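Q: The residues making up each chain are set out below.
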Amino acid sequence: MTTAQVLFSIALGAVALLITVYAIYVAGSTMWGDRWFRKR
Amino acid sequence: MARTAPRPVETKVGATKVVYKGKSGQWAFVGHRVSGVLVFLFLLLHIVDVSLINSDPVLYDEVHELYGNILLRLFEVGLLFALLFHSLNGLRIVLVDFFPGMVPNERKLFTGVMALTLLVGVPCAYVILEPFIDGRIL
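Chains A and B, in that order, are what the protein sequence lines are.
Residues 1 to 40 (the working numbering) are what the first sequence spells out, left to right.
Residues 41 to 178 (the working numbering) are what the second sequence spells out, left to right.
By construction, these hints were calculated from the structure, which means they are not laboratory data.
All values derive from a computational prediction rather than experimental measurement.
Where hints are given, some of them may not hold.
[Stated by the list, open to error] Some, not all, of what chain B presents toward chain A, calculated at C-beta under 7 Å: (1) V70; (2) R73; (3) V77; (4) L78; (5) V79; (6) L81; (7) L85; (8) I87; (9) L99; (10) V103; (11) E116.
We put the CB at the ideal spot given by N, CA and C, even for glycine.
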């Protein structure tokens with residue numbers, strides 16, 4: 001792999017990782033604070 | 041009003057809070073946010089990779105060779121579903137905004153968005169993954 005390919009792979013990997021963490025955060029945030037689901 | 045309408049709740053300080061209780065509109069909101077951020081972040085990278093054609097065409101070819109990789113093909117399938125869902129759900133939001141009479145049918149509209157996303161997404165995903173399925177790469 002060339003340097004450009006390595007750099008682009010890292011950048012795309014970072015996007016994939018970031019979006020995974022963000023998806024977990026947004027989906028998880030629905031369970032917090034009695035707003036999306038009422039705690040019993 | 042629709043059965044999916046949020047229920048206002050009195051809090052201790054007297055302000056009203058809304059509880060959505062996990063209905064279709066809530067998951068549409070989650071999906072719309074996540075797919076929107078994914079598409080935006082990829083767009084930033086896509087501007088970089090496409091702009092390489094001006095400065096260094098060899099580098100452009102090198103970088104675009106990566107898109108044939110199975111991992112990137114899987115990423116592209118995710119991107120495809122994110123784009124489809126985001127655009128169709130955007131249309132659903134426009135419909136509900138412009139035609140309040142649609143609110144009672146909000147759940148059906150969401151089901152339609154999901155069905156269309158799968159209907160268009162699955163054949164396109166097959167095309168993207170075809171070289172891998174045929175065993176031509178990796």
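Q: Hints the structure violates: just list their numbers, smallest first.
A: Checked against the structure, the hints that fail are numbers 5, 8, 11, while the rest are satisfied.
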